[in-house]
Structure formats: structure tokens, C-alpha cells
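Peer 1: Sequence:
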Amino acid sequence: MNAQTRRLVVVYSVSRSEWYIAEVNEGEVVQFGPFDSRAVVAELLSCLYPRHRSLELPEQAVKLEDEAVAVLGHAVARNSLTTATDVDT
683 MNAQTRRLVV VYSVSRSEWY IAEVNEGEVV QFGPFDSRAV VAELLSCLYP RHRSLELPEQ
743 AVKLEDEAVA VLGHAVARNS LTTATDVDT
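For what it's worth, the working numbering labels the leading residue of the sequence shown as 683, then goes sequentially.
No wet-lab data here; the hints were simulated from the structure. C-beta: ideal position from N, C-alpha, C; glycine also. Misleading hints may appear alongside valid ones.
[Stated by the list, open to error] Have a look at the derived ranges for each label pair, beta carbon to beta carbon:
#, residue 1, residue 2, range
1, 740, 712, 19 to 25 Å
2, 749, 725, 24 to 30 Å
3, 747, 689, 16 to 22 Å
4, 756, 730, 19 to 25 Å
5, 733, 697, 26 to 32 Å
6, 733, 699, 27 to 33 Å
Please put together the full structure from these sequences, using the hints given.
Peer 2: Listed below in C-alpha cells is the structure:
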């Protein structure tokens with residue numbers, strides 16, 4: 683598995699008023715934000731991660747701790763991979 687596949691880019695909001703971008707890379711998490719809107723986040727994603735698909739978490743009640751971002755991000759990634767595999771079969 684190469685570094686590109688181990689890195690996750692996760693997006694989530696807190697009550698739709700604060701948006702965060704998190705990069706999860708081999709257990710290390712770096713969070714950016716808060717940002718005012720999903721539009722700002724989309725623009726940043728296109729500049730910072732132009733060739734990397736981001737995963738969006740469901741809306742959160744509070745800003746997530748780094749470990750929670752990593753766990754939820756990997757769960758969403760695993761679920762989307764399973765869903766894509768199910769569609770292909």
C-alpha cells in the first residue's frame with residue numbers, strides 16, 4: 683500500500699456553521715479550520731488536494747478529537763470501498 687492510499691482527507695461540519703478539513707496519514711491527524719462554509723472548504727480542497735478524493739463525515743455536534751476523526755474517516759472509507767465493490771459484482 684503506498685502513501686497515497688494510506689492518506690485520508692476528511693471533511694466535517696459542526697452544526698453546519700463551522701467546517702473542518704482533516705488529513706489522516708498513518709495515524710497522524712492534522713485538522714484545518716474552522717471555515718465558514720462548505721464552499722470555502724471545496725475551494726481549499728481543490729488547491730491542497732487536487733488529485734485526492736475527500737470523505738465527508740455526517741454533521742457533528744462538537745469539534746472532533748484527532749482520534750475520532752481518524753476512526754470515523756477510516757470507517758467511512760471502508761464503507762465506501764465496500765459499497766463500490768458491491769456495485770461492481
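Peer 1: Now look at each hint and say whether the structure bears it out.
Peer 2: How the hints compare with the structure:
no.: 1; hint: 740 to 712: 19 to 25 Å; verdict: 21 Å, holds
no.: 2; hint: 749 to 725: 24 to 30 Å; verdict: 28 Å, holds
no.: 3; hint: 747 to 689: 16 to 22 Å; verdict: 19 Å, holds
no.: 4; hint: 756 to 730: 19 to 25 Å; verdict: 20 Å, holds
no.: 5; hint: 733 to 697: 26 to 32 Å; verdict: 31 Å, holds
no.: 6; hint: 733 to 699: 27 to 33 Å; verdict: 30 Å, holds
When the structure is compared with the earlier hints, no violation turns up for any of them.
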